[in-house]
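With the hints as extra help, turn the sequences into a complete structure.
Protein sequences, first through last, are from chains A and B.
Using this note's numbering, you'd call the opening residue of the first sequence number 4 and step up by one each time.
Using this note's numbering, you'd call the opening residue of the second sequence number 6 and step up by one each time.
Think of the hints as simulated: they come from the structure by calculation, not from any bench.
Note that the coordinates shown come from a computational prediction; the quantities given were computed from them, not determined experimentally.
Check the hints yourself; a few may be wrong.
Chain B stretches covered by chain A per the calculated footprint, using a threshold of three residues with CB under 8 Å from any CB of chain A [as the list claims (entries may be wrong)]:
#, stretch
1, 52-63
2, 67-78
3, 84-90
4, 124-134
5, 280-289
6, 316-326
Taking CB as the label site, the calculated pair distances span [claimed, not checked]:
#, chain 1, residue 1, chain 2, residue 2, range
7, A, 41, B, 253, 38 to 44 Å
8, B, 82, A, 326, 20 to 26 Å
9, B, 62, A, 252, 14 to 20 Å
10, B, 444, A, 84, 41 to 47 Å
Calculated pairs, SDA-like style, for lysine to any residue (alpha carbon to alpha carbon, straight line, at most 20 Å) [stated by the list, open to error]:
#, chain 1, residue 1, chain 2, residue 2
11, A, 68, B, 74
12, A, 233, A, 267
13, A, 81, B, 74
14, A, 81, B, 58
15, B, 78, A, 67
16, B, 180, B, 165
17, A, 81, B, 70
18, B, 74, A, 201
19, B, 78, A, 63
20, A, 201, B, 11
21, B, 74, A, 60
22, B, 394, B, 414
23, B, 330, B, 109
24, A, 81, B, 68
25, A, 35, B, 94
26, A, 81, B, 444
27, B, 74, A, 35
28, A, 35, B, 91
29, A, 264, A, 222
30, A, 81, B, 63
31, A, 81, B, 59
32, B, 78, A, 75
33, B, 78, A, 72
34, B, 33, A, 99
35, B, 74, A, 75
36, A, 81, B, 69
37, B, 78, A, 64
Beta carbons are placed, not taken as given, at the ideal position from N, Cα and C, and that holds for glycine.
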Amino acid sequence: MGIEIEQPCVELSNIATSETHGENSPYFAGWKAYDENPYHELTNPSGVIQMGLAENQVSFDLLEKYLEEHSEASTWGKGAPGFRENALFQDYHGLQSFRTAMASFMEQIRGGRAKFDPARVVLTAGATAANELLTFILANPGDALLVPTPYYPGFDRDLRWRTGVNIVPIHCDSSNNFQITLEALEAAYKEAEAMNFKVRGVLITNPSNPLGITIQRSVLEDLFDFVTRKNIHLVSDEIYSGSVFSATEFTSVAEILEARKYKEAERVHIVYSLSKDLGLPGFRVGTIYSYNDKVVTTARRMSSFTLISSQTQHLLASMLSNEEFTQNYIETNRVRLRKRYKMIIEGLRSAGIEYLEGNAGLFCWMNLSPLLEEPTREGELKLWDAVLHEVKLNISPGCSCRCDEPGWFRVCFANMSEQTLEIALKRIRKFMERIRTQKK
Amino acid sequence: MKLLSTKATCNTHGQDSSYFLGWEEYEKNPYDEIVNPKGIIQMGLAENQLSFDLLESWLAKNPDVPGFKRDNKSIFRELALFQDYHGLPSFKKALVDFMAEIRGNKVAFDPNHIVLTAGATSANETLMFCLAEPGEAFLLPTPYYPGFDRDLKWRTGVEIVPIQCNSSNNFQITKSALHQAHEQAKKQNLRVKGVLVTNPSNPLGTTMSRGKLDLLLDFIKDKDMHLISDEIYSGTVFSSPGFVSVMEVLKERTHNLKDSDDTAQIRDRVHVVYSLSKDLGLPGFRVGAIYSENDTVVAAATKMSSFGLVSSQTQYLLSAMLGDKKFTKNYISENQKRLKRRQRMLVSGLRKAGIGCLKTNNAGLFCWVDMRHLLRSNTFEAEMELWKKILYKVGLNISPGSSCHCTEPGWFRVCFANMSEDTLNLAMKRLKAFVGDSRVEGSCSSSSSIRAQSSGSGTSARKSLSKWVFRLSSREQEER
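Below, the structure written as structure tokens:
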């Protein structure tokens, strides 16, 4: 055997080798456990039920029906006359018809209470791309965005990884149903300053993930005043706006701006996507709607790195410009999600579990803190592990969402059939009974 | 206020370059056979429009596929929900098979080593994020695709240091040019992380020889660097010497015992970029890929692809199309035949106008054309002057070499695959007339002046679509 020559290790970037992609968090570990032992009604009835995936599977039949009745949307019609033009279309302005349809859909979701100009719609391959792109545009490496906790675990990657931007949490807690307060905002701003981070903006998710509630109008007003005072941006991720259980309970930041006649609007940017409301995460359809011309122009250019397939734009332009379809979809989807939500909270109630009174989203924010051995992150992870391996449910622990209070979990209800949800709730009830008997 | 980041306010996106003026002028006054026959002919767009009929006939034979059906069952839900950044396995398999087929099956690609991205634009940027820190550099041979200035540098903060190539040897990379570039980087205090080449080359339209690929591999081994080979034009090679991929050379070196140790060292540092935008003519579908045997790069790039995934709808369509081996075999060879024929047309048309082009042109969707003899002086000012004349007086939008960072004035990239034969012939006729007039009248030619029509005819031209020329809706058109 020859002498071993040490192989020079040609370096990769810090970004490539860092852990800032965040994929070693428990949020992702649960997925793994599910993948290894997935529940199936017939073939694996004792497998892990996936309740950690915020997907909307309750309204696919409506989409399928539309496609059956409008095959030209997916096949470019007989003889495919539109195929060439579609295949060649790589203009980062996006298909005009699609942008217009998207703006109109966003208006309909908000019950016509806000107007959207198609010229301000920038298309990106998913909200993941939209959030990262906005961060690149609004902040420099080393700067900070303030984000209320608990928040979507993916933000740690989307907002920070390649951008080098920091997230400073706006701490929210159960004392007031996790609402954002002015005190918390100011405290977060000061915290950022103390760490020598220049604050560039506040990023909210409304309706909130993981809380499943819409942000109150008064809080939005306060937020807007805050960012104006500090001369920073406001990004409102409204990807769950179509998943509000009641038509009147959602206030978009767009409505606030309209009421104020668009004064100071150039600091506001809305992120939207069809992944949740339409249940199409695989199609990669996201958008940035900005009231700032420079942001629109720059975002458009940057979207070159993340354009939506023109094939998909063509399909959705057809679907979303059909008002009969969209009106029916929005309403039906709302009703079905409300029904699912009622199911899950009844189930949780009968199991003696407390939860945050929600009105939107694809999940419920439940409080298992009474079950913790110790009121700490470790205690929470231990409970999460037990739920994963004993109860065989993958739910998301609050610590993965940076929640300050241990014991809260996000449990999804729209990514499975009603039967599966019933089984999951049964398992939860049994688990809670077992715990109660053990305690006795 | 409304402070934006440095990235947002800088000009590294490159879109203010005069290069885009040509696009704007074309958009204002686009040629149309019927309604605007004196308009500007777009020859600056490297699109492949020659083989759509083959795709269309496949679609006609397989209507279920775009209709979300597989074996007569609807798979719409499954696809709509599929957002796994590992990509659709059937698509990855079909894609790597296609890549192998293009390379005459002399190399095989492992689907587990491929990362799907929304276009090669995304793939190239992603590789920069993976391989270099802000402030570090990559060496690129000139002339190169203008979009690289944005794709490689803008958000990554990576610098490009040019490897100067010139016409004395048909713009091939030389050892001394490589070393000179490396020295230059050192002088600028830039740490070089690798070399990026486009093979076949844009804008040259030539393939790299085995010898040159070996040279590159020796260089990166010696300097502890990466090599990125952007092979997005690999399916457009239409004549000899044929396409040799860097993967093929690596494979050969592995089998050659003398080199195999060295090669084991560098296998981890060679990364290939591919896309279906050129070979298949599908730029709108955003299908790009990174191929690497470096597991860490694949892992990091896969996670990064979250920011630019390929639509599952599109992955499924193409998994079926590229999985049809009868189709791909025919497509690859027919497409090459048509490209060859088209290139010959352009070359002979140019010759009739007394204009030559790179004689080693054997690939791509364009010719690298020599107009040095038409320059008033051997300067880039003169090149711009000539370019503007050709744009406004001749009515052809072609790409000036300076926009590709060419060191010698007078070279232009002229595309041939994005228009009909008739349009190409017309373009050549115009050019011939211009050159003829130029000789008679000196540097100024008024008789072949094709002034922009009033916006009226321009707008109606935009509304009607002639058979072959596609009017794209915006002036800020992406180009490759």
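- Is it true that the CA of residue 78(B) sits at most 20 Å from the CA of residue 72(A)? holds (16 Å)
- Do the alpha carbons of residue 68(A) and residue 74(B) lie within 20 Å of each other, as the hint requires? Holds, at roughly 14 Å.
- Message: Please check whether the stretch 124-134 of chain B has three or more residues whose CB lies within less than 8 Å of a CB on chain A.
- Response: Answer holds; 5 residues pass the 8 Å Cβ test.
- Please work out if residue 201(A) and residue 11(B) have their alpha carbons no farther apart than 20 Å. Holds - the C-alpha atoms of residue 11(B) and residue 201(A) are around 14 Å apart, at most 20 Å.
- Task: State, for the Cβ atoms of residue 82(B) and residue 326(A), whether the hinted interval 20 to 26 Å holds or is violated.
- Result: Since residue 82(B) and residue 326(A) have Cβ atoms about 24 Å apart, the given range 20 to 26 Å holds.
- Item | Straight-line alpha-carbon gap residue 81(A) to residue 58(B), limit 20 Å | With a Cα-Cα distance of about 14 Å, the restraint between residue 81(A) and residue 58(B) holds, given a limit of 20 Å.
- Message: Using a Cβ cutoff of 8 Å, are there at least 3 residues of the stretch 67-78 of chain B near chain A, or does the coverage claim fail?
- Response: Answer holds; 4 residues pass the 8 Å Cβ test.
- Query: Can the restraint linking residue 35(A) and residue 94(B) be considered satisfied, given a maximum Cα separation of 20 Å?
  - Reply: Holds, at about 18 Å.
- Straight-line alpha-carbon gap residue 81(A) to residue 74(B), limit 20 Å: holds (17 Å)
- Message: I want to verify a distance hint. Is the separation of the beta carbons of residue 444(B) and residue 84(A) within 41 to 47 Å?
- Response: Hint holds: Cβ distance 45 Å, inside 41 to 47 Å.
- Between residue 81(A) and residue 444(B), does the CA-CA distance stay at or below 20 Å? Answer violated: residue 81(A) to residue 444(B) is near 52 Å, above 20 Å.
- Item | Satisfaction of hint between residue 109(B) and residue 330(B), Cα-Cα up to 20 Å | holds (13 Å)
Violated hints, in rising order: 9, 18, 26, 27; the structure is consistent with all others.
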